[in-house]
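Q: So you can see what is in the structure, the chains are spelled out below.
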Amino acid sequence: MTELALPKIDRSILNNKDLIVKKLSSLINPENVLSHADEIKPYETDALAAYTQTPLAVVLPENTEEVSKILKYCYEENIKVVPRGAGTGLSGGALPLQDAVLLGLGKFNKILEIDFENKCVVTQPGVTNLGITHAVQHKGFYYAPDPSSQLACSIGGNVAENSGGVHSLKYGTTTNNILGVEMVMMDGTVCRIGGKTLDQEGYDIMGLICGSEGLLGVITEVTVKILKKPQVVKAALIGFPSIKEGGDAASEIISSGIVPAGMEIMDKALIEATDNFSKAGYPRDAELLLIVELDGTESEVNELLKKVSDICKKNNCSSLKLSKNEKERLSFWAGRKAAFPACGAMAPDYYCMDGSIPRGKLAEALLEIKKLSEKYNLLVANCFHAGDGNLHPLIMFDGSDKEQLRKTEEFGAEILKTCVRLGGVITGEHGVGVEKRELMCEMFNDNDIQQQLDIKKALDEKNLLNPGKVYPILRKCAEEGRVHVHKNKNKFPDLPRF
Amino acid sequence: MSTKIKINSQIFQDSNNIFYPKNEQEVSLLVKELYKKNSSTELIGTNSKNFIGNKTQSANTISLSKISGIIEYLPEELYIKVKACTPIEEIEKALDKNNQELAFEPIDFGFVETGKSNKGTIGGYLSCNFAGSRRFKVGSVRDHILGFKGVNGKGDIIKSGGTVVKNVTGYDLSKLIAGSFGTLVALTEVTLKVLPKKKLSSTIAIYVDDKKTVFELFDQMSSSSSEISGAVYIPLEPNEDDFQKNRDVVFKFNDLKYEGSFLAIRVEGDKISINEKIKALNKELNLEKYKTTILDVYQSVPFWKKINNLELFSKTKNNLIRLVITPSNGVKMMQFLGNKFKYYIDWCGSLFWVEVPAKKNMKIKELKKISQEYGGYLTIVKTSDEYDYEETLFTINDVRLLISEKIKKSFDPKRIFNPGKMYRGI
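Residue numbers (our numbering), protein chains in the order written: chain A, 88 to 585; chain B, 399 to 824.
Derived from the structure by calculation, the hints contain no laboratory data. Beta carbons are placed, not taken as given, at the ideal position from N, Cα and C, and that holds for glycine. Mixed in with the good hints, there may be bad ones.
These stretches of chain B come out as covered by chain A in the derived footprint (C-beta under 8 Å, 3 or more residues) [claimed, not checked]:
| id | region |
| --- | --- |
| 1 | 560-569 |
| 2 | 721-735 |
| 3 | 797-803 |
| 4 | 807-813 |
Take the sequences, apply the hints, and build the full model.
A: Quick look at the structure:
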């Protein structure tokens, strides 16, 4: 994408690279310290692949003590540190810095304890989200948050980003599903927050850490809550002839008192893309596709499905299919779950946006995005977690064409402007990272940002942990620890504040 | 009594020198002056939960009680935005009209204090973060806060969060505010997630005395997919007349006949699904082994109200302890409490409400030690007049205290708000 401003490079660190690598190699197994260009190449980007940066060195500690030693050393020597989980983040939160040590947690890949009695799993942060469910499913349990990257994304990364998934309305996001964490502060202090019990007394430090994008501490252990799988899960696949009718139906389902386990919307472009890609059997004549999943007891689910069907019929749905068995239910989801690769197959590149909007504003948002798509002459496909209001427009473009790249970025910004104007936010679950950094000062006023920076300063007074992320750089606030507004350098000057 | 400092503002002050700002601007003005003068203040709402936390004396008192009223309620978006000191009753009434509710079941602490209902305000609830019986299924108060607005210790108006469930824009400060006992921010506005109210509820009473069996049943319940939304154990012990008498008065229901200890499990939904869940639970928990009765909706709803009102400890003059541990240690905890304490167990085996007689302050120390050994903590929610404060009211360790001090400083650098309410130095 366009040129990215990063924190000022500390030349003395670059000049001392050999010494730093040597010292790091004395702190942990030297084989786990990577500094050769070939070795560190795989770490130069996360899933926001448009930005790349070679780190000073990569360290792959194997236990908490090693993390603590590395951080303590870096703290004393004023070396920046960028933590990294599985590298599946979409906002550039794990983008390396030239003068920073990249701290990869890939070796923290073990589940430490499965405690069915207390309904929790204690795990290292590098274990994948799905890995936790796999470890407990033989007894009918699962871990609820299910981001679409759950096969690859790590639970530590989920904590850093407060990841959600398609079942967030009923089952919450990561913050509602973890019981405790062990983390290491920038000065090397190891700290245990929470445990296996429900709730913690005092300041909810775990709630603060969850979604802090690796700016406040490095997570070295997570205790997650596990839930029993529901008795019955069924889904409905419903086509609508217009965006408005489908959007209205989704709103009406919620206001009628139903809390679906999952509710997803796809627009026409995505219906076609995913159906081509995964042969899901979606109704191609529909302008909008709604998938509603319900869980509970048999009669409850049947009753709710009937209610959902009635609401959809009232809103003129063009097709309606109820899953007859588990295989069919999964086939309803097959297309939706393949939304990203399907878009990848349609264009050389796609840019995934992540706004949240009030549910009732969906039709308005989609119509606006359609207009913008025509204006920029770029194809866009939309999927929407209608249960929780999280909108993911996927803009398709050719990254090798500089003009298209510029237009894509502008288009994306206009979409986020629309989300904010409709009462939503700029990121629902992908995080701010480097991608949406400059928009923060628009969503929040100076006082709000200052308070957040004060917290950052309180827990990482030298601003060494993942600097340059989340908080705007163009306004210098992240570096100087105070808000300083340069109006002219604002990337999105006309975005309304709220 | 400390001398009140003079505030150069037009904000209303009553004869007790309590300030009553009407809006966030007035709160901001007031706090800015206090900040300048480095003068601390107590933050209060309607005082319904003022007995919780350390008794401290500040130079000033700010009542936020005039900052009240519903700002925006969108039932179809499942949120309500209210001013911080909106009474819980007002919120519940508005939600009820749309068949919605605060799913975390606010505890009515009025009964403990005065024997009468006094639910207080949403700001107070958020500050305490004590959720009711549905906690183990739906989360705590903190899980239902989508955003807030308030004034920090420097007098700056700040906000965090929004009105949508999924929001990772910046640090989630709402979580920090929950359970901070007014030590970080003077709240002015709160946005809450609301959920549809379940149509009906029924309660299965299982008459069981054996401690091990109780926790075996709790374990089976929390492993059940029958969506249990309440699970409490009311022991017969201790054999003290007043406790048993009180128990019989509080839990006087037609279908609650047995005189021993009992477990009560709540299921909610429509009639068919409730019957289905009861049937499934009968099988899962092997209920034919026990004597059981069913409380229908007319008994079930008031039963859980009494639980959430802590009516068993109505007007207690003793110390009231809230003790949270891992359920796997529940049997041991029950054995310890034995016949010596009045208690009951909520949250499917995780939460113990324990009354410690005024003259047995020493026992609190022991209980705290055990709760920590069992992976949990305890809070002394109410102290007796004779309490010696030898044990702190809250549980904390050194590292967490250090981080908490830093967080406190980032919000309230001069310790203006409720100093000492939670911990010394905060």
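Q: Take the hints in turn and mark each one as holding or not.
A: Here is how each hint holds up against the structure:
{"no.": "1", "hint": "560-569", "in the structure": "holds (count 10)"}
{"no.": "2", "hint": "721-735", "in the structure": "holds (count 5)"}
{"no.": "3", "hint": "797-803", "in the structure": "holds (count 5)"}
{"no.": "4", "hint": "807-813", "in the structure": "holds (count 3)"}
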